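Below, each chain spelled out in residue letters.
2 protein chains.
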Amino acid sequence: MPLIQFVNRVWFDAGATKRIGAELQRLGVKRPLVCTDRGIAAAGILDQVKEHWPEDLPWIVFDGTPPNPTEAAVKAALELYRSEGCDGIVAIGGGSPIDLGKAVNLLASHAEPLAQYETARKGQGKIGKVGPLIAVPTTAGTGTEVSVGTIIVTEDGRKSTIASPYLIPNAAICDPELTLKLPASLTAATGMDAVTHCIEAYLSPLYNPIADAIALDGLKRSIRDGALERAVADGSDINARSDMMMAALEGALAFTKGLGAVHSMSHAAGRIEKLKLHHGTLNAVLLPPVLRFNAPHVGTKLDDIAAAMGLKSGGDVAEAISALNRRLGIPASLGAMGVTADAVDEMVGYASDDVSTLTNPVKPSAEDYRALFGASLT
Amino acid sequence: MPLIQFVNRVWFDAGATKRIGAELQRLGVKRPLVCTDRGIAAAGILDQVKEHWPEDLPWIVFDGTPPNPTEAAVKAALELYRSEGCDGIVAIGGGSPIDLGKAVNLLASHAEPLAQYETARKGQGKIGKVGPLIAVPTTAGTGTEVSVGTIIVTEDGRKSTIASPYLIPNAAICDPELTLKLPASLTAATGMDAVTHCIEAYLSPLYNPIADAIALDGLKRSIRDGALERAVADGSDINARSDMMMAALEGALAFTKGLGAVHSMSHAAGRIEKLKLHHGTLNAVLLPPVLRFNAPHVGTKLDDIAAAMGLKSGGDVAEAISALNRRLGIPASLGAMGVTADAVDEMVGYASDDVSTLTNPVKPSAEDYRALFGASLT
Numbered sequence: 002m003p004l005i006q007f008v009n010r011v012w013f014d015a016g017a018t019k020r021i022g023a024e025l026q027r028l029g030v031k032r033p034l035v036c037t038d039r040g041i042a043a044a045g046i047l048d049q050v051k052e053h054w055p056e057d058l059p060w061i062v063f064d065g066t067p068p069n070p071t072e073a074a075v076k077a078a079l080e081l082y083r084s085e086g087c088d089g090i091v092a093i094g095g096g097s098p099i100d101l102g103k104a105v106n107l108l109a110s111h112a113e114p115l116a117q118y119e120t121a122r123k124g125q126g127k128i129g130k131v132g133p134l135i136a137v138p139t140t141a142g143t144g145t146e147v148s149v150g151t152i153i154v155t156e157d158g159r160k161s162t163i164a165s166p167y168l169i170p171n172a173a174i175c176d177p178e179l180t181l182k183l184p185a186s187l188t189a190a191t192g193m194d195a196v197t198h199c200i201e202a203y204l205s206p207l208y209n210p211i212a213d214a215i216a217l218d219g220l221k222r223s224i225r226d227g228a229l230e231r232a233v234a235d236g237s238d239i240n241a242r243s244d245m246m247m248a249a250l251e252g253a254l255a256f257t258k259g260l261g262a263v264h265s266m267s268h269a270a271g272r273i274e275k276l277k278l279h280h281g282t283l284n285a286v287l288l289p290p291v292l293r294f295n296a297p298h299v300g301t302k303l304d305d306i307a308a309a310m311g312l313k314s315g316g317d318v319a320e321a322i323s324a325l326n327r328r329l330g331i332p333a334s335l336g337a338m339g340v341t342a343d344a345v346d347e348m349v350g351y352a353s354d355d356v357s358t359l360t361n362p363v364k365p366s367a368e369d370y371r372a373l374f375g376a377s378l379t
Numbered sequence: 002m003p004l005i006q007f008v009n010r011v012w013f014d015a016g017a018t019k020r021i022g023a024e025l026q027r028l029g030v031k032r033p034l035v036c037t038d039r040g041i042a043a044a045g046i047l048d049q050v051k052e053h054w055p056e057d058l059p060w061i062v063f064d065g066t067p068p069n070p071t072e073a074a075v076k077a078a079l080e081l082y083r084s085e086g087c088d089g090i091v092a093i094g095g096g097s098p099i100d101l102g103k104a105v106n107l108l109a110s111h112a113e114p115l116a117q118y119e120t121a122r123k124g125q126g127k128i129g130k131v132g133p134l135i136a137v138p139t140t141a142g143t144g145t146e147v148s149v150g151t152i153i154v155t156e157d158g159r160k161s162t163i164a165s166p167y168l169i170p171n172a173a174i175c176d177p178e179l180t181l182k183l184p185a186s187l188t189a190a191t192g193m194d195a196v197t198h199c200i201e202a203y204l205s206p207l208y209n210p211i212a213d214a215i216a217l218d219g220l221k222r223s224i225r226d227g228a229l230e231r232a233v234a235d236g237s238d239i240n241a242r243s244d245m246m247m248a249a250l251e252g253a254l255a256f257t258k259g260l261g262a263v264h265s266m267s268h269a270a271g272r273i274e275k276l277k278l279h280h281g282t283l284n285a286v287l288l289p290p291v292l293r294f295n296a297p298h299v300g301t302k303l304d305d306i307a308a309a310m311g312l313k314s315g316g317d318v319a320e321a322i323s324a325l326n327r328r329l330g331i332p333a334s335l336g337a338m339g340v341t342a343d344a345v346d347e348m349v350g351y352a353s354d355d356v357s358t359l360t361n362p363v364k365p366s367a368e369d370y371r372a373l374f375g376a377s378l379t
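These protein sequences, in sequence, are chains A and B. The opening position of the first sequence corresponds to residue 2 in our numbering, with each subsequent residue numbered one higher. The opening position of the second sequence corresponds to residue 2 in our numbering, with each subsequent residue numbered one higher.
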């Protein structure tokens, strides 16, 4: 079975789920806490994993992860972790349960509250060794299974990025079979998350040709070769599912060089709890206006992206993404997602403070962010 | 300064040498052994590093690394390591001193002899945690600064590949300024080593699209964009030197999916001690015949390689490599390097047993290897 090891161990194959037992044994975990959400349980995916669960290990499940995980949910899971005497975590789901699992793992050995560890507050140095964690993605999008980061709505109301090499999962089990039941709308939204990672990482000004090569390969796979549209059209297409799972992995390996203003804005909108906005959908909607804003500051990089996407020479990447969004059934604006003009002021503040703003090709001013949010509302 | 972290910490920039002190401090090393060779010392490169050496650390140097490092040299360095009470290693040089440093580091905490750890003898499981090691490459070729492996002529006369995640250097300092004085002939030979890594890794049948993308980027950089020929033509071209150092890094990240018959044959020839053959030169000479041998077994992968090299559609990769070798002043055959027909029998045996044979697109038989060596002699 393919083992892909760059930042961590990644078992990547249809059926890879059966490796969970061996990985838990390798890590010496005797009482893992399963972190997941009710959607994963309802879709029968949790049962798919349970089929391969080692007989001698208890099945202790926290399924209360909200769509944008909160510190309150992290603490609820931590309480279960402690009362059950857990010694490790298996996080099963999209980005939310895996990010929640990473945060539970952090607080199992580090003091509360989470805000002190936020990257934007230079909290990385306070993070040391944590317990073992295995990530089992059930969407092809975030790539959090190979990344240093977790994104949590902390108790102070911020959507905080917390990152440290110690938070990288000890192993990722990437089994495209677990994504076969993902509905078309979520396939589209999470897929566009991966696409946005590839594009924003490639446009980050940091020098990292290795990450750049990985990012362009993710775009070829997902867009030029059509895996994203095929996976949306036919969820049971295992080859398309596998290619999208690889593109998600590639997006996250690429964004070791940072992301950009799409993510800053997406995090700012994602923290509006009553709307429960999907991170990938937000990225998809925000990508075209941010691409137009960044265009004068990226040299010939948009040509490279256009070529990787399979556009004709000189093709308009922003327009191609808008057209792709339409074909995928993604809303045309933040307004169509329920965001209203009165939220803009607060979103501008949060976006400006977001750590992804630092690696946008040019630093957007508050006025720039105001204009970008304004343009995205309708 | 760019920090590139996939398998390990890589400081990559002109002037990165000044990071050595901070890395030694981070690793808690108080008495490092510098492993290098006399060529590095004679070229003044050791002085370049010493300029940035932390004042409070001793300067303990083993400079007796032979061109193809032997277990005897490893033991001589280990004796110095022990008598000086060393607690870490800084390996400065081409592949030989870094590979020697890795082996010294292994034997500093593990029992002799080295042969028991050989990958081909399933020795990887015997390798556990080793002491801290920083790799400072002075050629752009082997990529051993980011790889799991070391290649040593063990006391039983084999050119043994010994590999373990524990042998990955804790940090690599990739400073293209240290390669500016490398003579054109060695620039060519080490550069062709990196090129061979990219090609053989791409042709390995293991599934790893991430490694594949990195491999093709290495070929674009070194061949299509001309960095290798520019570095050979003008050794002081820092951009070409930097791109070749990146291509070397990329080659080694790519060969996490394995190498092929070129390396099996090159290792078999490289162990003939009296000839002191250069590994990169051997790879360059052996690459065209092995490409022709593999061609029927690689699907359309040679077209991808041709495109990455900038050849016209349908271009002959083997012929293009031969032509490149000629322009670089690389010998046309093993015969021209001093290898004679009476060595073939023994080389066939060693090549067949080499671990790289396992990831060649098709497993060459002894007769295949005999024919390939025969064709390479003239």
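Hint data in this document are derived by calculation from the structure and do not stem from the laboratory. Everything numeric in this text was worked out from a predicted model, so none of it was measured. Be careful, since some hints might not be right.
[Said to hold, decoys possible] Subject to a maximum C-alpha distance of 20 angstroms in a straight line, what follows is the list of computed PhoX-like cross-link-like pairs (lysine-lysine):
| id | chain 1 | residue 1 | chain 2 | residue 2 |
| --- | --- | --- | --- | --- |
| 1 | B | Lys-221 | A | Lys-302 |
| 2 | A | Lys-130 | B | Lys-182 |
| 3 | B | Lys-19 | B | Lys-31 |
| 4 | A | Lys-51 | A | Lys-182 |
| 5 | B | Lys-31 | B | Lys-130 |
| 6 | B | Lys-182 | B | Lys-19 |
Exercise. Among the hints numbered above, which are violated by the structure, and what are their numbers in rising order?
Worked result: The structure conflicts with hint 2 only, although it agrees with all the remaining ones.
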